[in-house]
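Peer 1: This is what each chain is made of:
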Amino acid sequence: MTDLARIRNFSIIAHIDHGKSTLADRLIQFTGGLTDREMSDQVLDNMDIERERGITIKAQTVRLSYKAKDGQTYELNLMDTPGHVDFAYEVSRSLAACEGALLVVDAAQGVEAQTLANVYQSIEHDHEIVPVINKIDLPAAEPEKVRAEIEDIIGIDASEAVLASAKSGIGIEDILEAVVAKIPPPNGDRDAPLKAMLVDSWYDPYLGVVILVRVIDGVIRKGLNVKFMQGGTDHLVDRVGCFTPKRTDLPEIGPGEIGFITAQIKEVEQARVGDTITTVKGGATEALVGYKEVQPVVFCGMFPVDAADFEKLRESIAKLRLNDASFSFEMESSAALGFGFRCGFLGLLHLEIIQERLSREYDLDLITTAPSVVYRIQLGKSRNDDAREIMLHNPADYPDPSRIELIEEPWIKAVIYTPDEYLGSILKLCQDRRGIQTDLTYVGGRAQATYELPLNEVVFDFYDRLKSISRGYASFDYEQIGLREGDLVKMNILVNNEPVDALSMIVHRSVAEARGRHMCERLKDLIPRHLFKIPIQAAIGGKVVARETIAALRKDVTAKCYGGDISRKKKLLDKQKKGKARMREYGNVSIPQEAFIAALRMGDE
Amino acid sequence: MARALYIHWPFCLKKCPYCDFNSHVRDGVDTGRWQAALIADMRHEAALAGGEPLHSIFFGGGTPSLMPPSLVAALLAEAERLWGFAPDIEITLEANPSSVEAAKFASLALAGVNRVSLGLQALDDASLQFLGRLHDAAEGLAALEVAQRHFARVSFDLIYARPGQQADAWEAELRGALAYGTGHLSLYQLTIEPNTRFATDVRQGSFTPLDDDPAADLFTLTRQITAEAGIPAYEISNHARPGQESRHNRTYWRYQDYCGIGPGAHGRRGGSATLRHRKPENWIEAVERNGHGLREERSLPATEQASEALLMGLRLNEGVDLASFERRFGLSRLQMIDSRKRDLHQQLGLVWVDGARIGITAEGMPLLDALLADLVCENLVSA
Chain A
1 MTDLARIRNF SIIAHIDHGK STLADRLIQF TGGLTDREMS DQVLDNMDIE
51 RERGITIKAQ TVRLSYKAKD GQTYELNLMD TPGHVDFAYE VSRSLAACEG
101 ALLVVDAAQG VEAQTLANVY QSIEHDHEIV PVINKIDLPA AEPEKVRAEI
151 EDIIGIDASE AVLASAKSGI GIEDILEAVV AKIPPPNGDR DAPLKAMLVD
201 SWYDPYLGVV ILVRVIDGVI RKGLNVKFMQ GGTDHLVDRV GCFTPKRTDL
251 PEIGPGEIGF ITAQIKEVEQ ARVGDTITTV KGGATEALVG YKEVQPVVFC
301 GMFPVDAADF EKLRESIAKL RLNDASFSFE MESSAALGFG FRCGFLGLLH
351 LEIIQERLSR EYDLDLITTA PSVVYRIQLG KSRNDDAREI MLHNPADYPD
401 PSRIELIEEP WIKAVIYTPD EYLGSILKLC QDRRGIQTDL TYVGGRAQAT
451 YELPLNEVVF DFYDRLKSIS RGYASFDYEQ IGLREGDLVK MNILVNNEPV
501 DALSMIVHRS VAEARGRHMC ERLKDLIPRH LFKIPIQAAI GGKVVARETI
551 AALRKDVTAK CYGGDISRKK KLLDKQKKGK ARMREYGNVS IPQEAFIAAL
601 RMGDE
Chain B
1 MARALYIHWP FCLKKCPYCD FNSHVRDGVD TGRWQAALIA DMRHEAALAG
51 GEPLHSIFFG GGTPSLMPPS LVAALLAEAE RLWGFAPDIE ITLEANPSSV
101 EAAKFASLAL AGVNRVSLGL QALDDASLQF LGRLHDAAEG LAALEVAQRH
151 FARVSFDLIY ARPGQQADAW EAELRGALAY GTGHLSLYQL TIEPNTRFAT
201 DVRQGSFTPL DDDPAADLFT LTRQITAEAG IPAYEISNHA RPGQESRHNR
251 TYWRYQDYCG IGPGAHGRRG GSATLRHRKP ENWIEAVERN GHGLREERSL
301 PATEQASEAL LMGLRLNEGV DLASFERRFG LSRLQMIDSR KRDLHQQLGL
351 VWVDGARIGI TAEGMPLLDA LLADLVCENL VSA
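From first to last, the protein sequence lines are chains A and B.
Heads up: the first sequence begins at 1 in full-length UniProt numbering, then just goes up one per residue.
Heads up: the second sequence begins at 1 in full-length UniProt numbering, then just goes up one per residue.
For the record, the hints were derived by calculation from the structure and aren't laboratory data.
Since we're looking at a predicted model, the values are computed, not measured.
For each residue, glycine too, the CB sits at the ideal point set by N, CA and C.
Any given hint might turn out to be false.
Cβ-Cβ distance ranges computed for the label pairs, FRET-style [unchecked claim]:
#1 Asn195/B with Gly579/A: 19 to 27 Å
#2 Ala335/A with Ala323/B: 32 to 40 Å
#3 Leu572/A with Asp30/B: 51 to 59 Å
#4 Glu363/B with Pro419/A: 44 to 52 Å
#5 Ala323/B with Arg360/A: 17 to 25 Å
#6 Lys543/A with Glu363/B: 29 to 37 Å
#7 Ser567/A with Arg175/B: 52 to 60 Å
#8 Arg328/B with Asp574/A: 40 to 48 Å
#9 Glu363/B with Glu361/A: 49 to 57 Å
Covered by chain A, according to a simulated footprint, are these stretches of chain B (three or more residues, beta-carbon under 8 Å) [stated by the list, open to error]:
#10 32–45
#11 205–216
#12 263–271
#13 303–314
#14 326–336
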């Protein structure tokens, strides 16, 4: 165990591409955590997806041992926090485990608007912020200008900002010195009852569930019987250690320290982020503040393209779930798509990550239905049923409309950062999506617009639209602000007069017609012409709000076919038949799976 | 036993931009060597599929009218020696309507050819130029006249549904063609085949093929006009006065056996599919080495034979007799035709059913490929 005065716990705040991962790698290298040979780029981002997207999904820590210029050896715990609004709660717990943060700003690009949100979040946790101006060796670097920007925009003293180039290894020692000098050591009482925060957890095939902890008071060691205060379960600690970044066993983790434990836990669900770990005997009586139960907010159906892959999908989802308790699933069957699962996610990125991991790590070809949110519906009394409240997360379960007394939908507060020039189009997008502006401020050449928006408008294609109208420059953060009443209706899509379950959706009445028309037009292009004409309709109850017709096929024939051509013609027939196998039939209409996928994607054209 | 023989002559003076047949441009073909090789290839087939007199022979290509008449005569003499000829044997040769080739028609007739199929393709110079033909309209019509003088039966090809072609222009052209009074016409809609110069042209935007909707209208118009003129369609693209149908090609469509010799020729004999080396040099070397030009001989499962029989047979107005297919392939009709789809398309007026016979209506013909994909049972199509 290390003396509290020689522990520093900190995170790194940086705009994407401003060099966070490179800096982390340098700090590890400088303090000798890994030899040069062991360094692979971006050591901390373990998963392929994390590396490719430059985002962190799971919190990770690295313990660095640094001999400072004062002759003392310090234990520095670098916390890599998840970096996306979908994981806002996880981020808040990671931040709560630290006392300070390095603010990394690109010497050529200056302060990016989105960085502000992260800095303020860090300041809210009373963190000491250590500014680092990175990439000072770039020709376009203007460190003095950036220094002034940090002071003006963020409002912190940047006179002692460290000048560095993580890529070239400049200023690394200065950064470590600043961490030691500026970031306060943690507080804690070794003799008090154990109180440790569960920062994050993940499943390791060899160790079972690995739990990242920050000890507040007391000591955690192997053989200890611990209680998870929120989860209400008891476990025997069988391993204690830290990452350097190599996994290293330790005899104990004391107050102020960050490390990991294992306790023969099989499912991450039992190790909830933010829980308080204490001892079974003589433990703490009060849990740490800030614990929340995470609830999925975005739902969609996931179906195997090949029905034969259903079992594989079930197994793969269950495996992913071992490592990610925040996503939920239950079996669903669709006439269009066969058997699959209705899955719940923390947000759209979370959805995409799971989808991508299923297709990549488990080699599954998936159809994902349009994401939807959870609605709260008050049902009136009926002859056979009492008045009651239901939570609806699948349009297929939409109740008899005559019984609905009230529908409420989740709303969010969205903060959008954008260069000025795109602001006009972005404001229009927000208005179109039923947004209510609550704030609009300007920061340098950038604007920050705050809107209240219905979440169902955001999950539809808001993010794609935002990115496309701002050429990728705008970004947004959001938090949920509760349920509000809405005039919401279920819209069915009928192909050749048969409703296609996978395409039905719950929409606000004011946008139903536009959405319906868009879907019908899309399908008109996506469904191949058949031997008869096909009506495509969008309907609310019995009322058709949009209609398109696919004309009948007129010509599909091989003009010339003699002896030698039989083989070729047969290959064509083979291909047609194989194509049909990938289609689903509705009222004699074969709809290619690609059409479902494209129609459900519904992004910008 | 095969009663039809196909002989492939792979050489052309120039490759046409729409053609994806096995044709090659070569200087100085050694006809003596080719004669020996074709005869050897023929003997190989006759040994395996002989025994009954032939009732049709077809010289295709390539451009078989480039063959010296003496070579044609020698091949026919050998075929007669090997199989024997039915008294009313049909011997067709595909010919280019050039003046040079027309000059050979008399000797070709003497050699035994009794039917020619002329590649006229269009009746105006601009279209012929677009189609990359070496003859102009006047030369083509002159060749037609010579052909009609020397051969009892004459057919010619036209390619229609050309880019931008209007219905009235095609109608005038077709009526002009009918005026020559041939007993048979092959009227093909222009199809852009992969790996042809036209495919490249279309990709590069040099021209846009006619859309399917107007093409479908032209197809219907063609069937109407030819029917009124007494030379109705009996297959998708082939029209004949009663009794003037191409007996050889109907062998393919009725899925009866045929021998195919020469480069790239396909054959069907006794439930097997035969294929010869495509490239002329490879074929001739194979013949000289092995005594035949076979590249592949594959026994077809009954299911595959049934699917071939259906996709060929349903091209004919007469349709197919499922009872005879049941006997021939040992499959029930429910195993060959998807009855639910059959009923649907019968309701739509695209398919007719008459006892054990099933066929495609006039409305269904331009949609045949889509119909086949519905009608032919899944289990017939190789996985």
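Peer 1: Does the Cβ distance between Lys543/A and Glu363/B fall inside 29 to 37 Å?
Peer 2: holds (35 Å)
Peer 1: Between the region 303–314 of chain B and chain A, see if three or more residues pass the 8 Å beta-carbon test, and mark the coverage as holds or violated.
Peer 2: holds (count 5)
Peer 1: Taking a Cβ-Cβ distance under 8 Å as contact, does the region 326–336 of chain B have three or more residues in contact with chain A?
Peer 2: n = 0 at 8 Å, threshold three: violated.
Peer 1: Take a look at whether the Cβ-Cβ distance between Ala335/A and Ala323/B falls inside 32 to 40 Å.
Peer 2: holds (38 Å)
Peer 1: Could you check the hint for me, namely that Glu363/B and Glu361/A are 49 to 57 Å apart, CB to CB?
Peer 2: holds (51 Å)
Peer 1: Could one say that the CB atoms of Arg328/B and Asp574/A fall in the range 40 to 48 Å?
Peer 2: Cβ of Arg328/B to Cβ of Asp574/A: about 22 Å, so the range 40 to 48 Å is violated.
Peer 1: Establish whether the coverage given for the region 205–216 of chain B by chain A is satisfied; the threshold is a Cβ-Cβ distance below 8 Å, and no fewer than three residues must meet it.
Peer 2: n = 4 at 8 Å, threshold three: holds.
Peer 1: May I ask you to test the hint 51 to 59 Å on the CB atoms belonging to Leu572/A and Asp30/B?
Peer 2: The hinted range 51 to 59 Å is violated for Leu572/A and Asp30/B, with Cβ atoms some 37 Å apart.
Peer 1: If I claimed the Cβ atoms of Ser567/A and Arg175/B lie 52 to 60 Å apart, would that claim hold in this structure?
Peer 2: violated (37 Å)
Peer 1: Against the range 17 to 25 Å, how does the distance between the Cβ atoms of Ala323/B and Arg360/A compare: consistent or not?
Peer 2: This hint is violated: roughly 54 Å between Cβ atoms.
Peer 1: Is 44 to 52 Å right for how far apart the beta carbons of Glu363/B and Pro419/A are?
Peer 2: Given about 59 Å between the Cβ atoms, the range is violated.
Peer 1: Can you take a look at whether the region 32–45 of chain B is actually covered by chain A? Rule is 3+ residues, C-beta closer than 8 Å.
Peer 2: violated (count 0)
Figure legend: structure checked against the earlier numbered hints; hints not met, in rising order: 3, 4, 5, 7, 8, 10, 14.
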